[in-house]
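So the sequence lines, in the order shown, correspond to chains A and B. The numbers in my numbering rise by one with no breaks, and the one at position 490 of the first sequence is 490. The numbers in my numbering rise by one with no breaks, and the one at position 21 of the second sequence is 21.
The set of hints was computed from the structure by calculation and includes no laboratory data. Check each hint, because a few of them may be wrong.
Since the list gives no way to pick out one identical chain from another, each pair is judged satisfied if it fits inside one copy or across any two copies.
[Stated by the list, open to error] Subject to a maximum C-alpha distance of 27 Å in a straight line, what follows is the list of computed DSS-like cross-link-like pairs (lysine-lysine):
1. K277 / K610
2. K665 / K600
3. K484 / K472
4. K596 / K444
5. K620 / K444
6. K155 / K97
7. K460 / K560
Number of protein chains: 2
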Amino acid sequence: MAASEESLRKALAEKQSAVEAHGNAVRALKAAKASKPEIDAAIEALNSLKLEKSSIEKQLQAAVSGSDGDGALSREAFRQAAVNTLERRLFYIPSFKIYRGVAGLYDYGPPGCAVKSNVLAFWRQHFVLEENMLEVDCPCVTPEVVLKASGHVDKFTDLMVKDEKTGTCYRADHLLKDFCNEKLQKDLTISAEKAAELKHVLATLDDLSAEELGAKIKEYGITAPDTKNPLSDPYPFNLMFQTSIGPSGLSPGYMRPETAQGIFVNFKDLYYYNGNKLPFAAAQIGQAFRNEISPRQGLLRVREFTLAEIEHFVDPEDKSHPKYSEVVDLEFLMFPRGEQMSGQSAKKIRLGDAVSKGTVNNETLGYFIGRVYLFLTRLGIDKDRLRFRQHLANEMAHYAADCWDAEIECSYGWIECVGIADRSAYDLRAHSDKSGVPLVAAEKFSEPREVEKLVIAPVKKELGLAFKGSQKNVVEALEAMNEKEALEMKAALESKGEVEFYVCTLGKNVPIKKNMVSISKEKKKEHQRVFTPSVIEPSFGIGRIIYCLFEHSFYTRPSKAGDEQLNVFRFPPLVAPIKCTVFPLVQNQQYEDVAKVISKSLTTAGISHKIDITGTSIGKRYARTDELGVPFAITVDSTKDVTIRERDSKLQVRVSVEEAALVVKSVTDGLRTWEDVWEKYPHHTSGSADD
Amino acid sequence: MAASEESLRKALAEKQSAVEAHGNAVRALKAAKASKPEIDAAIEALNSLKLEKSSIEKQLQAAVSGSDGDGALSREAFRQAAVNTLERRLFYIPSFKIYRGVAGLYDYGPPGCAVKSNVLAFWRQHFVLEENMLEVDCPCVTPEVVLKASGHVDKFTDLMVKDEKTGTCYRADHLLKDFCNEKLQKDLTISAEKAAELKHVLATLDDLSAEELGAKIKEYGITAPDTKNPLSDPYPFNLMFQTSIGPSGLSPGYMRPETAQGIFVNFKDLYYYNGNKLPFAAAQIGQAFRNEISPRQGLLRVREFTLAEIEHFVDPEDKSHPKYSEVVDLEFLMFPRGEQMSGQSAKKIRLGDAVSKGTVNNETLGYFIGRVYLFLTRLGIDKDRLRFRQHLANEMAHYAADCWDAEIECSYGWIECVGIADRSAYDLRAHSDKSGVPLVAAEKFSEPREVEKLVIAPVKKELGLAFKGSQKNVVEALEAMNEKEALEMKAALESKGEVEFYVCTLGKNVPIKKNMVSISKEKKKEHQRVFTPSVIEPSFGIGRIIYCLFEHSFYTRPSKAGDEQLNVFRFPPLVAPIKCTVFPLVQNQQYEDVAKVISKSLTTAGISHKIDITGTSIGKRYARTDELGVPFAITVDSTKDVTIRERDSKLQVRVSVEEAALVVKSVTDGLRTWEDVWEKYPHHTSGSADD
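Modelling step: build the complete structure from the supplied sequences, incorporating the hints.
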């Protein structure tokens, strides 16, 4: 694709020159009052060149928008239809709408809130309960010292530029990205070289420093999108919401940008709670906050969101997982680093192979990738639009051992929804250093092990005589030598009796004599190995998962009369906001009483449901309930038996009033499938429904 | 009690004078070198007076601490034991402990977090699901305009004083309260009048203005508790955590102090979602924030907490409730306004009587009081330490129709845990006014109704001629007249032809003639009645409920050997953090395998549990699990049958390996009781357990 685009840009430039040259020729003929046939022939040739140019333009247009030409349009239309339904049925609502809202803040309305709590309940079941994780619940308000240690105070920033006249703020990289994309897709006159340059900028966007970003913005003449005013130089803006704890104004705090830190600072207590044993995992569900510079993409980039995070603590020398065998045979789309670098696409790989070949760094990381795959697909995420993409070297923090993102494809492209990272010992070390509390684990040996240890013993008396007030600096420098340095000094002292030794706190060399320090290797018995555990962190952006789930579940189908498109969410019962609706077929007291009886049994069975006793036609009522993704509808059309309809197949069975609630419960609880029900109960054949 | 205290103070003062007088007499005798028998007799009389004084002191001491003398001590000891267990077993943890914590912020550790999520799940079941409430989920970050409308920006304050030298901040009312209590309880020499004054201060503490509080602090010479430095005058401190939304610094925001506002601003959409029908209730569970000046009382007064709030919207002309009959016969401790004013205590009242006598303002309010009672007692709150206290007139906001707090007694006294208020139309009106979006409901009439309406029609031409530039002010003032004013003007104009009329925007009277305004009553047909709904708000402080539940569930019992006290939480299965533990009786592979099989069936059944395969004695393992409030333990002591032990009775039954998980599930799900199980299965009689 890229090659053909390049050659098309060249061909277009050539054709453009030819058109210009020929145009000049025609004008020259006219000026020279050439004969009409001569001029006509020249014009005909010019027109044919113009046609050729236009054809190349069309090809180039198609090439730059990729397979996207129509795709982008239909994706846009699909999103519009889905988002309209979601907002109209209050799955979500822009927050504080009556006050014209705040960018990047959304409410979940009743069905959205129910989906969210179903997703979180399943998350708890699938991860916390099945893996015996230690769930904790920490506050959002966090004192500065904690986020200083974690690095967020210094590094949790985006580069921002300001409209120099209005003060409106923009993300610098977004403006540059938009400029390059726009140029590449809409300006067909740019040279192949220029196109290559813009593509390089896009590819390296995340690596650009403030200076480099600023230089590019100047070079390309990018201005403020709304006003065309000039822009300031880019400068970092910290994305945490800042506040002040207590009334003194002296205790700065932040709204946490992630829930993980609450777990790290509790490591010591949690390790004790777990009987001082590794591995174990802690988990937390809660709100997190990012004060985005200019939020966009609806629910995907917001200023407040729910995270569900797991911190699995493990011995860095043993990253096996006892339940690894349960996921080893899963096969799904993976997108390793190598494939990304060589321009290939994601491909189906057996998880066990990815781990055994070392593509995935270790078993525990692999285990969680597998569990995340199962979690997402059971929610209803389409497995063909889900891939696990490995971070490239430049994306990963220097301390990370390996990192994979579960990316879900939606109308906005591939969206990072879950990050699964092996963060090694970074976080625990950072908090150990800052707090002075050692966050370590110990492996007790079944019997003591003999180890050889280097012992450096400065002879303080001699050093004091020789260096007086500097004695302390020399002692500390001697003790700080590593094994290699100490053994070299030992050898030198033995052979020469004296060595020059650089003491950095004094900034100079001092002479060390043989009698000033004893260096030896001693054998010691050790009863345990003390180490900082590694942490493997699966971190779930619940709002992003839910938005992608909305898109993957949404479809339209024609009404029975064929005159309109009806909206449906194909949520599995697990996540459906309401499991069942109950309709009396016609407005009559007897049917309403039966509906109430069924409603009561549904409540007792713990099945969320809704009664609709409006006089609307049954078809309209089905359409309403399909639009909320309700999997089952019970229509009361007699006082003895009722009709149960399944949402996607629209198939209907006849069940007694007494059994109705239990039939629905058994399917929503996953004890049997709709197919089992369809096989067991008589089918409803009358044409009453869906019209 | 108060009377006896008063007379004791008087008696003590008299006795004190007598002691002093007699002391002087003794000294005078000695000075006058009176005879030894004479002096001895006088000393004996003095000693007997002292003894009498001391006896009165003791009585007074007992009286001022109420029944509290020993009670306070034992409550303190009880709290210590409970809190030690809670902190040691990580039910909760002071947040950011390794950084020495932040006052008023706590984490829930694993068992606390599990209790919390069980309480919230039951809340959803009991309120949202059973009542078909519309649950929403709104952000914590809230723009200023919303909280300006709700009144929080201006009025959500506490009065604060500062240590004038160190700058340390204190709540002014807390210092005054502590001073009065301390004086009353520890200083027996104060006069009865002084005691009465201090008690009056305590009783009216909430009504004191900043100036009055400051004056009392000065009058009593109260200083900073830690340094004894002088204190500043009291001034209001806003309790909201402030922040800034977006990068401009121009959009102030706050962390919400309650979740309710998110519901009010969505009223219009929610009403539409409910088919434009009243009544309906919306609900929200989420974090709320109060930047307390100086938090104390552990989990009871914190800076971040989980609220669960319901806003039930109802026609102010019809506050009946369709399910009221389900709670009408409940009988529990109520503490109406009258009983509080007349110094009586709370008493058992049938809810239906309280409503029918008008003690409780209306049926819907009564219904929610009943539902809250059921909710709390099913969680395990002791019904004898739960009362519903009505707000006194001075406690209630001016707009509130009635307000009751569910108060739970714990070692800190009676604690407000749920507020149930009829807030009338206040909140919706405030947001209508501020946003300009009418938040109203409409009752459609089945047929149009004829209503008489007052019509005031200023004659602009005549007014313009008479008042020129002031015409607009006069027109507006005329149109703003209420019905009474307008009818009076009409009568006056008819009789006198001219009246003086005060125009407030002009600040003066103007003469109005008959030809300048027409006032009439017209008949109009109306198709609906438009009104602002009333809202009834039950608001649950989840953390406070949980803390009280911890205290109500905690008890100790002697170990079998009798050498130590063991801690137990008697949580009902509904809230127990873990439902079941599984122990192999001895460390052996066969038993461990059986334990794993049972564990797997428990997971499948959705029963949270824990395996303990440590070699510790079975008695110790039971003690550990009792301390977490785990209701059942399955001990694997054969490969065929296992022993199930109930926590509180310590009774044990024998059940087959296959049945074990299902027996536990049936009891924790409430399908049968432990008594049913005890009756059905063979009893375990061997002495292996609990030693």
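Here is how each hint holds up against the structure:
In this assembly of identical chains, K277 and K610 lie within 27 Å of each other by CA distance solely across copies; the values are 15 Å between and 48 Å within a copy. Proximity of K665 and K600 under a CA criterion of 27 Å is satisfied in both settings, with 13 Å inside one chain copy and 23 Å between copies. Taking the shortest Cα distances, K484 and K472 sit within 27 Å of each other inside one copy (22 Å), while across copies they are farther apart (95 Å). For the homomeric pair K596 and K444, the shortest alpha-carbon distance between copies (25 Å) is at most 27 Å, but the shortest distance inside one copy (63 Å) is not.
In this assembly of identical chains, the alpha carbons of K620 and K444 lie at most 27 Å apart only when taken from different copies (23 Å versus 68 Å within one copy). For a Cα distance limit of 27 Å, the shortest separation of K155 from K97 across copies, 24 Å, qualifies, whereas the shortest one inside one copy, 33 Å, does not. Neither within a single protomer nor between protomers do K460 and K560 lie at most 27 Å apart by alpha-carbon distance, with minima of 96 Å and 59 Å respectively.
In terms of the numbered hints stated before, the structure departs from hint 7 and from no other.
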